[in-house]
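**Q** Which chain is which? The protein sequence lines are G and W, in order.
If you're matching positions, the first sequence starts at 1139 in our numbering and goes up one per residue.
If you're matching positions, the second sequence starts at 1295 in our numbering and goes up one per residue.
No lab work stands behind these hints, which were simulated from the structure alone.
Remember, it's a predicted structure, so these values are computed and weren't measured experimentally.
Backbone N, C-alpha and C fix where the C-beta goes; we use that ideal spot for every residue, glycine too.
Hints are not guaranteed to be accurate.
Stated by the list, open to error - Pairwise CB distance ranges (calculated):
no., chain 1, residue 1, chain 2, residue 2, range
1, W, Gly1405, G, Val1334, 27 to 33 angstroms
2, G, Val1182, W, Arg1343, 33 to 39 angstroms
3, G, Asp1337, W, Ser1436, 28 to 34 angstroms
4, W, Glu1348, G, Glu1385, 56 to 62 angstroms
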Amino acid sequence: MYSFTNGIRQGIRNIFKNGLFSLASIGTITACLFLFGVFYCMVVNFQHIFSEVETTVGVTVFFEEGTGEDRIKEIQTMIEEREEVNEVHYTSAEEAWKLYKEKAFPEGDNEVLTNLDNDNPLAESASLEVYLNDAGAQKELVDYISAIPDVRKVNASESVANSFVSFGRLLGYVSMAIIVILLAVAIFLISNTVRVGIDVRRDEITIMKYLGATDFFVRAPFLVEGAIIGLIGSLIPLAAMFFLYREIVKFVTEHFSALSSLLHFLPVKDIFIVLIPATLIIGLGIGLIGSYITLIRRVRV
Amino acid sequence: MIVLDHVSKTYQGNQGSIQALKDVSLSIDKGEFVFVVGLSGSGKTTLFRLLLKEMEPTSGNIFMNNKNIGKLRRDQIPKFRRGIGVVFQDFKLLKNRTVFENIAFAQRIIGVPNRRIKKNVMDVLKLVGLQDKYRAKPSELSGGEQQRVALARAIVNNPPVLLADEPTGNLDPTNSTEIMKLLEKINKRGTTVVVVTHNTKIVDEMQKRVVNLNQGEIVSDEKKGGYVYV
């Protein structure tokens, strides 16, 4: 029990004793986790917006001449059963003609066209519009549909789908790389802070060892020091992110109203339900790993 | 109690190897009072550090209470050290803690409950004659008093062995004699006492067993004698 309370008491004392080093470590962890938070918000919001856009990226399927409505419905069911498919919409030849008329003559009073109603020029233009859950799976789906007998043509806007996927991946990789570098810097700084603490208390540690203190008894204060630095370093960016996220969302929504139909931000709750535990765990982890690295090298009974 | 069986220790340095102890065999019985003497570089401190298991011998074995300490696992070392009280020339007291806290610290490390710590600490302070100074910080004490606090800390956990490395090195003759009287008192309670020193005067005064080291070898081992000059 004394080991535990002594660890906490001495750990807190260490932080104040090495004030400047502690501040530097807290600052780096704060910067690291703040960036982590920013990237996390960007990635999840991007994914959210992306998933909404994805469902509007469609594939249009046309059929061979003479393919009956029953066969088309059968193919529709086959496509609907696939995992990556969100929705399949059937446009009959009549609907296609009606849509064409509305588009070509918005006033809708052209008699010539009305006379053609009984001899639909788009008789072979029945189609299926397929909307995806996952734009990344578009190529696979197009291959699958193209291979179905009676399918004449599959129209897909591959470039849109591909650029969405590549941008998502690029953002993920860049953010991972920056976060990993910052994590390494933070661990290095914490291990230095703890090293200074060990040097300051070298005599005390020597005495403890001679008196028969265990590794845990000697190391506990330094682990507590690292953990507290890590936790403070994670609470500061969390508070900053909490305030800034709301303000930025508000600012973008108010000042870029043209984009408001495209940009649907996730609510604060949805972001922080993951960000709070993730940041605290990473902060604590950095603190403990940073101190442990130094301790196993420098404090042995 | 303490047995060194053909123990050698060689340090590897940049300028070649230095043999600090050469095939040393020694046996110290339970309850004995032994001086280990010798000039600087004779191997006294190496012997002291080996007995504390601060380092391993290059060859040979060291037994304490019939246990080969070379075979202790790393996690068994703290428990082994709790059986040895240690006193140093520079006292090694925690400067920012009171006399009471310095001694209590030794008890806290081994998990003695608070209610017993107070009694045990006051008992040893009484033994070393510093019961009135339990609130003082080390800086408020004389050298002799600081060494008495260090002695109190070394014996508060009732270790069967007490090792002292130059305990009078920083003290004047009067304080040195007082510390020696205290060590004798502790020895009479049944504790085995090993004192590493080059203080000829106190060795001659005490008339105890004297093991003389020279250039890493035992050159004499007198059951009851004075400092032997080599």
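**Q** Does 33 to 39 angstroms hold as the CB distance between G:Val1182 and W:Arg1343, or does it fail?
**A** violated, 58 angstroms
**Q** Lying within 56 to 62 angstroms: is that true of the beta-carbon distance W:Glu1348 to G:Glu1385?
**A** holds, 59 angstroms
**Q** Using the beta carbons of G:Asp1337 and W:Ser1436, state whether their distance is inside 28 to 34 angstroms or not.
**A** Cβ of G:Asp1337 to Cβ of W:Ser1436: about 29 angstroms, so the range 28 to 34 angstroms holds.
**Q** Between W:Gly1405 and G:Val1334, does the C-beta distance stay in 27 to 33 angstroms?
**A** holds, 29 angstroms
Of the numbered hints stated above, the single one contradicted by the structure is hint 2.
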